[in-house]
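Undergrad: Residues per chain, in single letters:
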Amino acid sequence: MSTPASQYRFAVNVTPKPGILDPQGRAVEKSLPHLGIRGVTGVRVGRRVELTVEAADAAAARAVVDKLAGEMLSNPLMELFVVEALDPAGPAA
Amino acid sequence: MTAPTPIQVPLHRALGLTDEELDAIRGKLSRDPNDLELAMFSVMWSEHCSYKSSRPLLKTLPTKGKDVLAGIGEQAGVVSIGDGLAVAFKIESHNHPSAVEPYQGAATGVGGILRDIFAMGARPIAVLDALRFGNPSDARTRHLVDGVVRGVGGYGNCVGVPTVGGELVFDPSYQGNPLVNVMAIGLLEDGMLTRASADGPGNLVVLYGSATGRDGIGGASVLASATFGDQDPSKRPSVQVGDPFAEKLLIEATLELISRKLVVSIQDLGAAGITCATCETADRGGTGMLVDLDAIPRREPGMAPFEVMISESQERMVAIVEPGQWEAVRDVCLRWELPVAIIGRVTTDGDIVVLTAPNGSGALDADGHPVAGAVELARIPAPALTSEAIVFNRLATPPAKRRNAPAPGAPAETPDSLPMRGQDPGAVLLALLGSPNLSSRRQVYEQYDHNVQANTVAGPGRGAAVLRIKGTTKGLVATTDGNAPVSAIDPWLGAAFSVAEAARNVSITGARPLGVTNCLNYGDPTRPEAFWALAEGVRGLSDACIALGLPVTGGNVSLYNEAPGSAIAPTPEIGIVGLFDDIAIRRGPAFTADGNTVLLVGEAGPGLAGSEYARLAGGGDVDGPPSIDLALEAKLQEFIREAIGRGLVEACQDVSGGGFAVAVAEMAMWGGRGATLRLGVGDSPAIALFGESPSRLVVEVAPRHAPACELLARHYGLPVHALGATGGDTLRIELAGEGATGAAEERGSRIADALDVPVASLRHAWEHGLPRALGWEGGDDASDARADGAALPGLEVAG
Amino acid sequence: MSVRIGIVLFPGYNRDIDAVNALQVAGAEAQILWHEDTDLAGVAGILIPGGFAYGDYIRAGVIARFSPVMRAVADFAARGGPVLGICNGFQVLAEAGLVPGALLRNRGLRFVCKEVALLPEHLDTPFTREIAGRRPLRMPVAHGEGCYYADDATLDALEADGAVLWRYANDDGSVAGPDDAGNPNGSLRGIAGVRNAVGNVAGLMPHPETAVEAIIGSEDGLGIVRSLVVSAGEWSTTGRIKYTRPAGAGAAAGVSA
Chain A
0 MSTPASQYRF AVNVTPKPGI LDPQGRAVEK SLPHLGIRGV TGVRVGRRVE
50 LTVEAADAAA ARAVVDKLAG EMLSNPLMEL FVVEALDPAG PAA
Chain B
0 MTAPTPIQVP LHRALGLTDE ELDAIRGKLS RDPNDLELAM FSVMWSEHCS
50 YKSSRPLLKT LPTKGKDVLA GIGEQAGVVS IGDGLAVAFK IESHNHPSAV
100 EPYQGAATGV GGILRDIFAM GARPIAVLDA LRFGNPSDAR TRHLVDGVVR
150 GVGGYGNCVG VPTVGGELVF DPSYQGNPLV NVMAIGLLED GMLTRASADG
200 PGNLVVLYGS ATGRDGIGGA SVLASATFGD QDPSKRPSVQ VGDPFAEKLL
250 IEATLELISR KLVVSIQDLG AAGITCATCE TADRGGTGML VDLDAIPRRE
300 PGMAPFEVMI SESQERMVAI VEPGQWEAVR DVCLRWELPV AIIGRVTTDG
350 DIVVLTAPNG SGALDADGHP VAGAVELARI PAPALTSEAI VFNRLATPPA
400 KRRNAPAPGA PAETPDSLPM RGQDPGAVLL ALLGSPNLSS RRQVYEQYDH
450 NVQANTVAGP GRGAAVLRIK GTTKGLVATT DGNAPVSAID PWLGAAFSVA
500 EAARNVSITG ARPLGVTNCL NYGDPTRPEA FWALAEGVRG LSDACIALGL
550 PVTGGNVSLY NEAPGSAIAP TPEIGIVGLF DDIAIRRGPA FTADGNTVLL
600 VGEAGPGLAG SEYARLAGGG DVDGPPSIDL ALEAKLQEFI REAIGRGLVE
650 ACQDVSGGGF AVAVAEMAMW GGRGATLRLG VGDSPAIALF GESPSRLVVE
700 VAPRHAPACE LLARHYGLPV HALGATGGDT LRIELAGEGA TGAAEERGSR
750 IADALDVPVA SLRHAWEHGL PRALGWEGGD DASDARADGA ALPGLEVAG
Chain C
0 MSVRIGIVLF PGYNRDIDAV NALQVAGAEA QILWHEDTDL AGVAGILIPG
50 GFAYGDYIRA GVIARFSPVM RAVADFAARG GPVLGICNGF QVLAEAGLVP
100 GALLRNRGLR FVCKEVALLP EHLDTPFTRE IAGRRPLRMP VAHGEGCYYA
150 DDATLDALEA DGAVLWRYAN DDGSVAGPDD AGNPNGSLRG IAGVRNAVGN
200 VAGLMPHPET AVEAIIGSED GLGIVRSLVV SAGEWSTTGR IKYTRPAGAG
250 AAAGVSA
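Sequence order for the protein chains is A, B and C.
Each residue of the first sequence is one higher than the last, beginning at 0 in numbering that gives the first Met the number 0.
Each residue of the second sequence is one higher than the last, beginning at 0 in numbering that gives the first Met the number 0.
Each residue of the third sequence is one higher than the last, beginning at 0 in numbering that gives the first Met the number 0.
Bear in mind the hints are in silico, worked out from the structure with no lab data behind them.
A few of these clues could be false.
Covered stretches of chain B (in silico footprint by chain C; criterion: 3 or more residues with CB under 8 Å from a CB of chain C, positions within the stretch not fixed) [said to hold, decoys possible]: (1) 147–158; (2) 446–455.
Taking lysine to aspartate or glutamate and the EDC-like style, the derived pairs with C-alpha atoms no more than 16 Å apart in a straight line are [what the hints assert, rightly or not]: (3) B/469 / B/188; (4) B/65 / B/189; (5) B/469 / B/82; (6) A/16 / B/336; (7) A/29 / C/35; (8) B/27 / B/336; (9) A/66 / A/53; (10) B/51 / B/82; (11) B/58 / B/542; (12) C/241 / C/123; (13) B/469 / B/581; (14) A/29 / B/82; (15) C/241 / C/129; (16) A/16 / B/100; (17) B/469 / C/129.
Now the in silico label distances, taken between C-beta atoms and shown as ranges [unchecked claim]: (18) B/301 / C/23: 49 to 55 Å; (19) A/46 / B/65: 33 to 39 Å; (20) B/258 / C/158: 45 to 51 Å; (21) C/113 / B/358: 54 to 60 Å.
Note that beta-carbon positions come from the ideal geometry of N, C-alpha and C, so glycine has one too.
Take the sequences, apply the hints, and build the full model.
TA: What follows is the structure, encoded as structure tokens:
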């Protein structure tokens, strides 16, 4: 551990793959008329995970997040993920 | 369009069809098939849809029964239970999808079997799930168990059908190939019975339920890359996603359509989607169909014709509707918020014809006739896809090693003591009760809603499930059982055991078994040894059903259950539903009172191979499995039904996994009281205590009924012994005979030590076995999860 | 003449079968109210049974609260009519702000179906008046989101107001705290069910409607179902229910979490 590690904050946005049935999105879409809302289509419900990685540099941190996102936070059979780098000064707690 | 990358294999092979099959298709059509037709044949001639390897075997099964209203070939078996009521039931596999995506695989497995039930006009009232996995300490197994259990629960709980029973079994042979078999049961009034037969040329073909997407295109996606040059796999999802919310609406809409007599027939869409539903219903009706591809509601734009025709999108049904009823049908579907469309018309020519209009604007007019310019994309005789699909007479060869094995019931060497020298039989019992396969399944079944609908009299956890039928005195009993370890040694015997045990589990409640549904999970049928196992399994199933007087009313065959380098143990999963005319006679397996007499009906036979004891202690491979006398088994079951019907019995449990000791331990734990018994063990305590030879019952009777019960057993030609009495907080089994065990042997005594264990210890071992095996942090039990195995120095749990 | 109780049916509901059966056993008449209905057909009381309204997607109960029938139910409650929400029905009432608190995911993060012991806290309420005595009642729970939550101040206020109607109990009869074996979901202070400030709307997670006959394991739930029926009969004939406050009084106690 010669290099001092820094902290990097990321968000992982996970969504159903195009073409995969999204029952949640469908239920939300169908219920919108009850709220008097029209004209909303293509609702897809996913989730967002925010996390802080301690690593030597940004690339190393990014590699950790990519691995985590691909192997655990998303189900590669059914979901896509996009990693977003957040402001490192963002809330860490 | 740019030219796609040339593919190296011919299209039919990429779709999984052999050259021989392509020739047969050419023969059926008298021409070359086009790509869409080839895709339709490839899914319909799959093993799953065509039964092309198993069909000759299945023809040998007994299917007749005076109460059978619908049998094999229908979406589910239906048996009359009198007073204008009938019960529909079926078991089906979802093994491969569950191995790929355990949550959705299991969830859609539940959804699919439920549709088979309500498509017959029955309201689903129960689900049972029979699950088999590899080593429970393996990380992948744990991932699969967790996903499958959540999937079964996630779907069943939401759709509002109680999961009342099933099995959870671990065996190394399932390491690469888990089994997820789901059985569903429905209740219907006779008048609701609906068959999937496209009768009445001119009638409309109506599709309702979810819109069609690219779900489950799977292997056929080669067509996309071959035809369209589209290499982006993310656009071709093959995972089917279940929507139990949509299924619940589909149940209500379907039952309303049937009860209001708005439909001629109904079929659910499962494997092979619209292709299967249209050609099967047309074939059963001796009719044909025009299918308007443009009219099928889509979830996504840009779907190719083959994708629409073979999509396995869930929660869809096809109804055949008389034109005059269309508006009423549409209104019912829309009220339940389900998309609905006329997608075709029944014809007389026997062909399934897929049509499109050049601009996709609809190929059929309002009367169901092709519009000018409509293009025919496919034309296939319906029988060619279904009843006249290709059939193979596969080669069956028994494995070489079998010739060296001892015959069933003839052990190479009778063990004269427990294998571990110095081993206390009580410690062996605790090890068995805490083993992954015999311990309590509570942590699993508490994740399933098992009492919704307010019919559950006995839920999961203690033998067969019992449901009352509201408004009547009747009740139903349901169980699933499958003996794979014995099947692995002798597939005939394993299948016979499975049927006998399932029927026995029904009979010991006092109910009469009505019929058998089966899910045959076997290996690659093109491998002669695997096909031999299937053929022997079917023969065992048939022999046992004939001996017990049970019709086979339906089922499913799952072949190719082989991970690279390993095949599963042949697993004939048997589902049986039984009937009480008066549910008040029902008896459970728990001891009911102190001071009652405990009888053993039937006698232990030799052979420890295939037992849980052999799994723990080893040595099974030099031994043979126990044998079964099917005529004796039938007598035993008649006896217990009569004894319970005459009110002679307080509680009854059969001897199966873990042997006599586990059976009586269960009665003690569940009844919260012990017993003091004296068991004749001859020269083999292991066989008498832990052997799994069939056709044995432990019966608790009030002392005043003991003589009558013993007399009745003798009347049926059954051996019967009074072993002792219930009571106390300890289970004590004194052993009488030649065999010495444990410390007694070390003392040089030939008199065996007694098995003597507090009931609280039995319960502790039994309660904690499963969470420990799976590494589950058991919530309220976490602090309490001591290693019961510590009581068992030297006993390694194999597998 | 038997009392007519409306059973609200959202798409995805499944304990309606149990609810109809329970009302029959209790001698009342069931009237199904579809989620699109805006007219309550003159029923004397409302039972919102369990299930998975709209598949429980996003959050249990959240989509259901916006349905047309819930506006009618809210009006009915505001006029003082008795409303009981069970399991998913409790979640819907909580999402709609008709009863205080929120139902979070079970502490064990898994769906749980088992028999629990339910301790009635007060017998002088519209939903407990027919319960024979203050002994634990056996009935099933079956839910994934049943962990009762409100902040400490709200919980204190609810307790002071007597608004906690039922708590989970351990085998020894003591109240089952969040970590106790008798508490199936981690509910704070063992709370299984509460009422609103007026007293005419209540919700609980366990299923009394599935525990109304000995043959299906328990009839301990019948007292709760009968209480609703008696209160509904009283409301339809006299326009008010014993044990309730005039609408508007003490509303401060019904703080939403």
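Undergrad: None of the hints should be skipped; say for each whether it holds.
TA: Each hint, compared with the structure:
| no. | hint | result |
| --- | --- | --- |
| 1 | 147–158 | holds (count 6) |
| 2 | 446–455 | holds (count 10) |
| 3 | B/469 / B/188 | holds (13 Å) |
| 4 | B/65 / B/189 | holds (15 Å) |
| 5 | B/469 / B/82 | holds (13 Å) |
| 6 | A/16 / B/336 | violated (25 Å) |
| 7 | A/29 / C/35 | holds (13 Å) |
| 8 | B/27 / B/336 | violated (41 Å) |
| 9 | A/66 / A/53 | holds (14 Å) |
| 10 | B/51 / B/82 | violated (39 Å) |
| 11 | B/58 / B/542 | holds (13 Å) |
| 12 | C/241 / C/123 | holds (9 Å) |
| 13 | B/469 / B/581 | holds (12 Å) |
| 14 | A/29 / B/82 | violated (42 Å) |
| 15 | C/241 / C/129 | holds (13 Å) |
| 16 | A/16 / B/100 | holds (15 Å) |
| 17 | B/469 / C/129 | violated (25 Å) |
| 18 | B/301 / C/23: 49 to 55 Å | holds (52 Å) |
| 19 | A/46 / B/65: 33 to 39 Å | violated (56 Å) |
| 20 | B/258 / C/158: 45 to 51 Å | holds (49 Å) |
| 21 | C/113 / B/358: 54 to 60 Å | holds (58 Å) |
In terms of the numbered hints stated before, the structure departs from hints 6, 8, 10, 14, 17, 19, listed from lowest to highest.
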